[in-house]
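Chemist: Note that the protein sequences, when read in sequence, are chains A and B.
One point on numbering: in the numbering used here, the residue at position 195 of the first sequence is 479, and numbering is uninterrupted.
One point on numbering: in the numbering used here, the residue at position 320 of the second sequence is 604, and numbering is uninterrupted.
Careful, some of the hints might be misleading.
The list treats identical chains as one, so a pair stands whether inside a single copy or across any two.
[As the list claims (entries may be wrong)] The list that follows gives simulated cross-link-like pairs (lysine to aspartate or glutamate, EDC-like), each with its CA atoms no further than 16 Å apart: (1) K597 / D316; (2) K288 / D316; (3) K610 / E383; (4) K435 / E571; (5) K612 / D590; (6) K496 / E383.
Note that these hints are calculated values from the structure, not bench results.
Computed from a prediction, not measured in an experiment: that's the story for all the values here.
2 protein chains.
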Amino acid sequence: MHKKLFIPGPIEVREDVLEKMSAPMIGHRSKDASKLQKDISDKLRKVFYTENEILLSTSSGSGLMEGAVRCCTKKKAAVFSIGSFGDRWHEMAVSNGVEADLFKSEPGNITTPQMVEEALSTGEYDLVTITHNETSTGVMNPIEEISKVMKKYPDIIFCVDTVSSAGGTKIEVDRLDIDICITSSQKALGLPPGLAICTISDRAVEKARTVKNRGLYFDLVQLYDTVKKKDYQYPSTPNLSLMFALDYQLDRILDEGLDNRFARHQEMASYTREWAKKNFELFPEEEHASVTLTTVKNTRGISVKDLNTELGKRGYAISNGYGSLKEKTFRIAHMADLTMGDVKDLLSSIDDILSIS
Amino acid sequence: MHKKLFIPGPIEVREDVLEKMSAPMIGHRSKDASKLQKDISDKLRKVFYTENEILLSTSSGSGLMEGAVRCCTKKKAAVFSIGSFGDRWHEMAVSNGVEADLFKSEPGNITTPQMVEEALSTGEYDLVTITHNETSTGVMNPIEEISKVMKKYPDIIFCVDTVSSAGGTKIEVDRLDIDICITSSQKALGLPPGLAICTISDRAVEKARTVKNRGLYFDLVQLYDTVKKKDYQYPSTPNLSLMFALDYQLDRILDEGLDNRFARHQEMASYTREWAKKNFELFPEEEHASVTLTTVKNTRGISVKDLNTELGKRGYAISNGYGSLKEKTFRIAHMADLTMGDVKDLLSSIDDILSIS
Chain A
285 MHKKLFIPGP IEVREDVLEK MSAPMIGHRS KDASKLQKDI SDKLRKVFYT
335 ENEILLSTSS GSGLMEGAVR CCTKKKAAVF SIGSFGDRWH EMAVSNGVEA
385 DLFKSEPGNI TTPQMVEEAL STGEYDLVTI THNETSTGVM NPIEEISKVM
435 KKYPDIIFCV DTVSSAGGTK IEVDRLDIDI CITSSQKALG LPPGLAICTI
485 SDRAVEKART VKNRGLYFDL VQLYDTVKKK DYQYPSTPNL SLMFALDYQL
535 DRILDEGLDN RFARHQEMAS YTREWAKKNF ELFPEEEHAS VTLTTVKNTR
585 GISVKDLNTE LGKRGYAISN GYGSLKEKTF RIAHMADLTM GDVKDLLSSI
635 DDILSIS
Chain B
285 MHKKLFIPGP IEVREDVLEK MSAPMIGHRS KDASKLQKDI SDKLRKVFYT
335 ENEILLSTSS GSGLMEGAVR CCTKKKAAVF SIGSFGDRWH EMAVSNGVEA
385 DLFKSEPGNI TTPQMVEEAL STGEYDLVTI THNETSTGVM NPIEEISKVM
435 KKYPDIIFCV DTVSSAGGTK IEVDRLDIDI CITSSQKALG LPPGLAICTI
485 SDRAVEKART VKNRGLYFDL VQLYDTVKKK DYQYPSTPNL SLMFALDYQL
535 DRILDEGLDN RFARHQEMAS YTREWAKKNF ELFPEEEHAS VTLTTVKNTR
585 GISVKDLNTE LGKRGYAISN GYGSLKEKTF RIAHMADLTM GDVKDLLSSI
635 DDILSIS
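Could you put together the complete structure from these sequences and hints?
Modeler: Here you go:
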């Protein structure tokens with residue numbers, strides 16, 4: 285039996301979107317391939333509220349995160365982490381010989397604008413990475429406030445991991461002056477995994493041109509130049525199936541209306557949080573709780589593993605806590621094309637299994 | 285109208301294989317995901333005649349080629365090139381700060397065992413890269429003879445790009461002592477693009493553990509260790525859709541029988557070569573002509589572009605020459621699940637368009 289996925293990626297993908305994955309192949313050097321990538325880029329610019337160029341990468345989001353920190357750091361990167369995915373960004377820098385300092389917040393806490401201000405005022409850094417939405421803890425960083433600090437340092441490249449938030453909440457790349465905003469197909473955009481996406485500012489590209497040892501596959505300059513010189517094509521053979529599905533899904537997203545989509549995510553988040561507060565506790569402070577997934581503190585001491593097994597019999601899957609938070613928390617993702625009806629059905633099932641009335 | 289693809293990737297994918305791309309998502313940390321990757325690995329070991337571990341990468345084949353030369357070179361890499369894809373392997377090394385020398389053969393020629401012997405006898409190199417099948421020229425390297433040279437140098441890591449040959453011709457990884465044998469989904473294996481595959485020997489893994497600055501996404505050690513420690517899982521979210529399709533397609537390949545599959549490729553190649561020799565000329569020496577694609581010398585001075593336009597109207601696509609060989613050659617791929625009937629239909633159409641009788 286298929287389990288409807290309430291895990292933070294891969295997410296439940298609509299049947300009509302899955303069907304597009306089966307479209308027959310086309311040549312990746314054809315005019316049709318150029319048109320496909322250009323159409324996708326135009327639509328993604330709307331989702332990200334940007335006029336910047338869009339780069340696609342046949343990889344998970346991690347690939348472009350690694351490319352960003354590697355290609356655009358000359359002095360040192362300030363990596364702000366609020367959990368596992370922020371820590372991984374630091375590991376990406378270090379494993380590529382990129383100088384980087386890690387500024388960690390306690391699990392469940394945010395990166396404060398003060399932390400960013402303090403680090404940048406040292407003058408040591410020329411690139412900042414921020415996790416917008418941390419799926420290991422269910423925390424969403426105050427990107428608006430952090431952006432205000434970043435605006436005081438216009439020479440510092442501002443990279444944001446929006447892997448698990450883009451498409452589920454408004455991220456205004458141009459207004460927030462984000463240089464590289466990265467996401468991935470298998471989260472709030474509502475597609476299967478295998479394709480990473482980023483927006484990139486001209487100044488990030490120009491900066492990268494001056495950085496040596498950028499590698500090839502995740503060289504953002506090569507990706508950018510191929511888009512420009514080869515009329516929206518890709519250096520190597522791209523994942524065409526996901527591009528067909530993404531093109532279709534972006535039409536659906538824009539048809540739903542971005543504001544409606546974001547409001548639906550907010551409504552699912554609010555409902556799940558109320559349920560969590562009534563029956564357990566929220567893991568993060570409510571004002572920093574993610575809009576795409578809710579991390580619940582296991583105050584009842586239930587077996588999350590057993591709960592998930594029972595849910596599986598009813599056709600649902602949620603996530604246990606991440607890493608050291610396993611069994612201490614559990615995570616309910618409410619993103620992409622899930623509806624309030626889906627969320628209510630899931631939470632009723634949990635109530636029923638745990639005999640919560 | 286869909287054009288049946290006789291280009292060297294993406295190739296024509298069977299409808300039943302495409303359908304598998306639409307399977308619903310599963311969690312990538314689930315037991316089902318482990319089983320999927322393990323099943324795929326077991327089947328791929330048969331295709332590659334190896335007991336080595338199999339690594340999957342959500343990327344094009346280029347990603348694992350870059351990972352191989354970066355992770356396993358400590359001294360210097362000897363990169364043998366017979367065309368664009370060999371040149372690119374050198375670029376991958378250089379762009380990662382890996383010391384590498386490029387040994388180029390003229391377009392249409394092979395890498396001779398003597399060239400390899402001469403280079404290795406200097407003692408300068410600890411890694412060799414060979415292109416098995418070069419789609420820019422239609423040449424297949426004498427991997428058997430090159431392997432005999434490599435066996436004299438058991439400490440040198442032997443990497444082979446079989447991106448456009450694996451699944452179309454026999455490559456006996458263990459007998460040839462290939463340390464890292466790389467391929468990609470969208471060629472002779474008969475799937476859409478987006479997934480890279482390699483076999484990896486234990487000594488390549490142990491060597492890589494001693495190399496610094498391996499990066500993260502294409503760190504073969506991390507991929508290997510995740511397979512081992514996490515029961516055939518993947519460090520980041522993998523392309524599950526292609527894994528579903530690959531698992532199915534490998535059953536089809538093994539059901540066809542590897543020897544039958546290779547014989548079918550040989551038959552399509554022989555037929556196309558005879559046609560080429562009768563009406564044009566072969567671009568490479570016949571003894572080194574590829575079994576998965578035929579590069580034809582445009583001795584009639586036809587417009588390849590116009591030919592392809594006319595073929596497009598009849599529902600076919602072939603490839604123009606690559607780079608500087610454009611219009612001077614054209615390329616007909618005959619790989620994956622194309623049949624003798626398909627090849628005959630295509631060549632009859634070309635005869636008809638060019639009024640060859």
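Chemist: Hint by hint, note whether the structure agrees.
Modeler: Verification of the supplied hints:
no.	hint	verdict
1	K597 / D316	between (44 Å within a copy, 15 Å between copies)
2	K288 / D316	between (34 Å within a copy, 14 Å between copies)
3	K610 / E383	neither (32 Å within a copy, 44 Å between copies)
4	K435 / E571	neither (24 Å within a copy, 64 Å between copies)
5	K612 / D590	within (14 Å within a copy, 66 Å between copies)
6	K496 / E383	both (13 Å within a copy, 15 Å between copies)
Of the numbered hints given earlier, the model fails hints 3 and 4; all others are met.
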